[in-house]
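Novice: Sequence:
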Amino acid sequence: MDSRAKVGHDRIVDVHYADLIRNPIPTMRKLYQSLGDEFTPQADAGMTTWIADNPQDKFGKHEYKLAQFGLTPDKVRGMFERYLSSYEVEREG
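Letter by letter, the sequence shown follows residues 1 to 93 in our numbering.
Among the hints, a few may not be true.
[What the hints assert, rightly or not] Within a straight-line C-alpha distance of at most 20 Å, the following computed DMTMM-like cross-link-like pairs (lysine to aspartate or glutamate) qualify:
no., residue 1, residue 2
1, 61, 88
2, 65, 44
3, 65, 90
4, 30, 19
5, 30, 88
6, 30, 14
7, 30, 10
8, 6, 90
9, 30, 90
10, 30, 44
11, 75, 57
12, 75, 92
[Unchecked claim] For each label pair, taking beta carbons as the anchor points, the in silico distance ranges come out as:
no., residue 1, residue 2, range
13, 52, 77, 15 to 21 Å
14, 29, 53, 17 to 23 Å
15, 35, 64, 26 to 32 Å
16, 89, 50, 24 to 30 Å
17, 24, 60, 17 to 23 Å
18, 55, 30, 20 to 26 Å
19, 41, 62, 30 to 36 Å
Derived by calculation from the structure, the hints in this document are not laboratory data.
Glycine residues also receive a C-beta, built at the ideal position from the N, C-alpha and C atoms.
Could you build all of it, start to finish, from the sequences and the hints given here?
Specialist: Next comes the structure, spelled out in structure tokens:
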């Protein structure tokens, strides 16, 4: 949030993980548009192929618990409160 204030909110593009996982190509198309870049058929094909070849959990599922790191949900929410209260972020867990 401090960096946003320094460089300008318009110079930072947010990509939500949930959107990227659920709808990767439309999310990337939107990102390209936000950056003023062309989302070419080659980019689309390359990403589509990569996604097909690298499915979620391809090498097993990794599960982490906050307690492993001495954290609690309330502590983590507090750490990100400025961001979470300013932007629509899907909550996990």
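Novice: For every hint, state whether the structure bears it out.
Specialist: Hint by hint, here is what the structure shows:
1. 61 x 88: violated (27 Å)
2. 65 x 44: Not satisfied, since the Cα-Cα distance of roughly 35 Å exceeds 20 Å.
3. 65 x 90: Roughly 18 Å between the alpha carbons, so the hint for residue 65 and residue 90 holds.
4. 30 x 19: holds (11 Å)
5. 30 x 88: holds (16 Å)
6. 30 x 14: Between residue 30 and residue 14 the Cα gap is close to 11 Å, so the pair holds against 20 Å.
7. 30 x 10: holds (15 Å)
8. 6 x 90: violated (26 Å)
9. 30 x 90: holds (18 Å)
10. 30 x 44: Judged against 20 Å, a Cα distance of about 12 Å means the pair holds.
11. 75 x 57: violated (28 Å)
12. 75 x 92: holds (14 Å)
13. 52 x 77: 15 to 21 Å: 36 Å Cβ-Cβ, so the 15 to 21 Å window is violated.
14. 29 x 53: 17 to 23 Å: For residue 53 against residue 29, whose Cβ atoms are near 20 Å apart, the range 17 to 23 Å holds.
15. 35 x 64: 26 to 32 Å: holds (31 Å)
16. 89 x 50: 24 to 30 Å: holds (25 Å)
17. 24 x 60: 17 to 23 Å: Because 20 Å falls inside the window, the suggested range holds.
18. 55 x 30: 20 to 26 Å: holds (22 Å)
19. 41 x 62: 30 to 36 Å: holds (33 Å)
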